[in-house]
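Undergrad: In case you want the letters, here they are:
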Amino acid sequence: MEPVIDLNCSLPSEGTFLTPFALIWQDILAQAMTGELVAALNYTALSTICDDPAEAADALEHAAGEQGHAAAFAAEGRKIGVDVPNNVNAKHWKRLREAFMRRIAERDFIGCLIVQEIMLESFAVASYARAGKVAPGSMGRTFASIAAEEEEHIEHAMAILRTERALDAQRFDDKVHGLHLEVMTTLAEMLARECTHGHCEVCHDSCVKPSLSEVSLTAAELRGASLRQYLKTLDMLGLPGEVTLAWVSQLPV
Amino acid sequence: MGESVAGVAANVAQQAPAIDVDFALIGHQECWRAAADVLAVLRGPEHPPLPDDEIRDIFPWIPPRAICHVEAGSIAGGKARGVYIDSFIPPDRLDANYMRDNLARVRGAAAYAIKAGAKIVSLGGFSSILIEGNLDQLPERHGTVFTTGNTLTVGFIVQGIKKMCALEGRNLRRSTLLIVGATGDVGSGCARCLAPVVKRVLLNARNMERLRTLAAELEADGVQVEIATGLQQFSAEADVAICAASLASPSLLLGRIAPGAIVCDAGYPKNLSPSGQMAGAKIFFGGLGQITGGLRFKPDFQGILNRHPFPDVVHGCLLEGMALALERRFEPFSQGRGFITPERVEEIETIAARHGIFLAPLYNADGPVEDGVECLAGWSAG
Chain V
162 MEPVIDLNCS LPSEGTFLTP FALIWQDILA QAMTGELVAA LNYTALSTIC
212 DDPAEAADAL EHAAGEQGHA AAFAAEGRKI GVDVPNNVNA KHWKRLREAF
262 MRRIAERDFI GCLIVQEIML ESFAVASYAR AGKVAPGSMG RTFASIAAEE
312 EEHIEHAMAI LRTERALDAQ RFDDKVHGLH LEVMTTLAEM LARECTHGHC
362 EVCHDSCVKP SLSEVSLTAA ELRGASLRQY LKTLDMLGLP GEVTLAWVSQ
412 LPV
Chain W
1307 MGESVAGVAA NVAQQAPAID VDFALIGHQE CWRAAADVLA VLRGPEHPPL
1357 PDDEIRDIFP WIPPRAICHV EAGSIAGGKA RGVYIDSFIP PDRLDANYMR
1407 DNLARVRGAA AYAIKAGAKI VSLGGFSSIL IEGNLDQLPE RHGTVFTTGN
1457 TLTVGFIVQG IKKMCALEGR NLRRSTLLIV GATGDVGSGC ARCLAPVVKR
1507 VLLNARNMER LRTLAAELEA DGVQVEIATG LQQFSAEADV AICAASLASP
1557 SLLLGRIAPG AIVCDAGYPK NLSPSGQMAG AKIFFGGLGQ ITGGLRFKPD
1607 FQGILNRHPF PDVVHGCLLE GMALALERRF EPFSQGRGFI TPERVEEIET
1657 IAARHGIFLA PLYNADGPVE DGVECLAGWS AG
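The listed protein sequences correspond, in order, to chains V and W.
First residue of the first sequence: 162, per my numbering; consecutive thereafter.
First residue of the second sequence: 1307, per my numbering; consecutive thereafter.
Hint data in this document are derived by calculation from the structure and do not stem from the laboratory.
Given the structure is predicted, the values throughout are model-derived calculations rather than measurements.
Cβ coordinates follow ideal geometry from the N, Cα and C atoms, glycine included.
You may find that some hints are simply not true.
Partner residues aside, some chain W positions facing chain V, computed with beta carbon under 7 Å [claimed, not checked]:
1. L1345
2. L1348
3. E1360
4. R1371
5. A1372
6. Q1608
List of simulated lysine to aspartate or glutamate pairs, DMTMM-like, C-alpha gap at most 20 Å [to be verified]:
7. K294/V to D1527/W
8. K370/V to D1359/W
9. K370/V to D1363/W
10. K370/V to E1360/W
Using the sequences and the hints, build the whole thing.
TA: Below, the structure written as structure tokens:
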């Protein structure tokens, strides 16, 4: 499948200087960029089901923002001498995208927000923040600033979702749980310490997870930070903490 | 990690679910096996238990939160409802190196209790540090009060010592009492309660200045006191010992104690090292009470949050909050800083007894120490 943005996925040509960790960062950037592109596609699709023109415009603005993030990650790759591939049809990302598109087909605006803003963005905010602390130079700053921007997205959606929950908390919580089972199960598999279900179709070679420690990251901390962010976001929505912890503890490892 | 956990308090204070509760119990797990059991209950029987390495990966990232509802019954007829809030301090991070992070977790748990509307909050184990000068950093409390629960813990330790002496046919008045962790809230409370009824008191703690202050207080009442920062420095062997030190793990080696000494391990986590050689010592776990009016957890954490061989047994510090809630006395009964007196101990014991909260049957790692007392089915020694 063709990348959404053609960035010439070949490895750097002979003679290009690569730091020892460039290929690890290449894979990390590839995951981040793919996630941003999926988000861009999701927001674009969301704009088509918004009844309110202002909300549709907001969604398109978000889509443009996510594309900007993807471009920023690509640029960081070039700075360290690698091209950053992307694959929105890689198996996990495809499943996440399909889950979102089912909500679009149902014209389920709230469901879309829950999937994108509560689930996918929790994953992005937490993992970018961790990467931002250890990535070298401008790449670290890029990860950190995109994490901060994504967090603003969450804030934007929270007001809408809190209002929705106030109408019928039980119905809202049941809906979140259904989406949790569908979406967070896939995210948990992506975040597992090892990819036991074969290649993720984003890493350029073998799985990057065992090498993360070489750039002061671990799959375990990315998973932990992401799930904590998710729990905190659900807390902010007002879902009972003991219930959401049970959900998270039941995710695959 | 530290700064992220610190943020939990503010977030939770804004948005935690509103649960109608009389009391909240804040606790943490003292070993990885207990942590694994908590996660196993949360996962439910249809999911296989997590591997140990996964548990160690996941546990430190869990923000403080309620994990179950608790209902305590009184023999006088009333009921009190509450929540158990776990601060999710990893059991191997209870030492001083993680103080800042742990304090942030306890604050997060306390904020959760406030938001839940708890009228009284008992601070179990390490959590009692919150009350030692850290309460002012909490969100607005809206009438929620905090108690360390240590007064009732002291009461049950003292009752346990007296009961064990009676079981063993010892005369407490002829005994030399050693208290490890003597200057702490629990240790000093035990000293004040027991010093008048023993022959001599040996006080051990890390801070010599505090030891001198406590010794002077006891000596003013005519008690024979010896103090030392090292356990080998005392001139006499103890035949009764209370271990009430704040230790990150069971690592205490008592060394010189009389053969057949009565030893109360009142620590959480336990103080005594399993490898400690104490010939013929009569060891029991102290500070535990039993709520005879009934205790229910939802979901069912019975035997997980209270890992004892008898039903409805709980640490005194948590029972104090339940007793006060059953009494509808929502006040900060135990305020830490070493102010526990025999009069206050008697007062809380009376309140507890009125609601059917009594000293639990005595036991140690091998099981019950009293004849004719049966363990719960499924309880394993060790």
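Undergrad: Now, for every hint given, state plainly whether the structure supports it.
TA: We went through each hint and held it up to the structure:
Given the 7 Å rule on beta carbons, the hint for L1345/W holds: about 6 Å separates it from the nearest Cβ of chain V. For L1348/W, the shortest C-beta to C-beta distance to chain V is roughly 4 Å, which falls under 7 Å, so the interface hint holds. Here the hint on E1360/W is kept, as its CB sits about 5 Å from the closest CB of chain V, short of 7 Å. The criterion of a C-beta within 7 Å of any C-beta in chain V is met by R1371/W, whose closest approach is roughly 3 Å, and the hint holds.
With a cut of 7 Å, the hint placing A1372/W at the interface with chain V holds, because the nearest CB-to-CB distance is about 5 Å. A least Cβ separation of about 16 Å between Q1608/W and chain V goes past the 7 Å threshold, and the interface hint is therefore violated. For the suggested pair K294/V and D1527/W, the alpha carbons sit about 59 Å apart, so the restraint of at most 20 Å is broken. Our distance criterion of 20 Å between C-alpha atoms is met by K370/V and D1359/W, whose separation comes to about 16 Å.
Proximity of K370/V to D1363/W is assessed by CA-CA distance (about 15 Å); at most 20 Å being required, the pair is judged to hold. Between the alpha carbons of K370/V and E1360/W the distance comes to roughly 15 Å, so the proposed pair stays at or under 20 Å and holds.
Of the numbered hints stated above, those contradicted by the structure are hints 6, 7, listed in ascending order.
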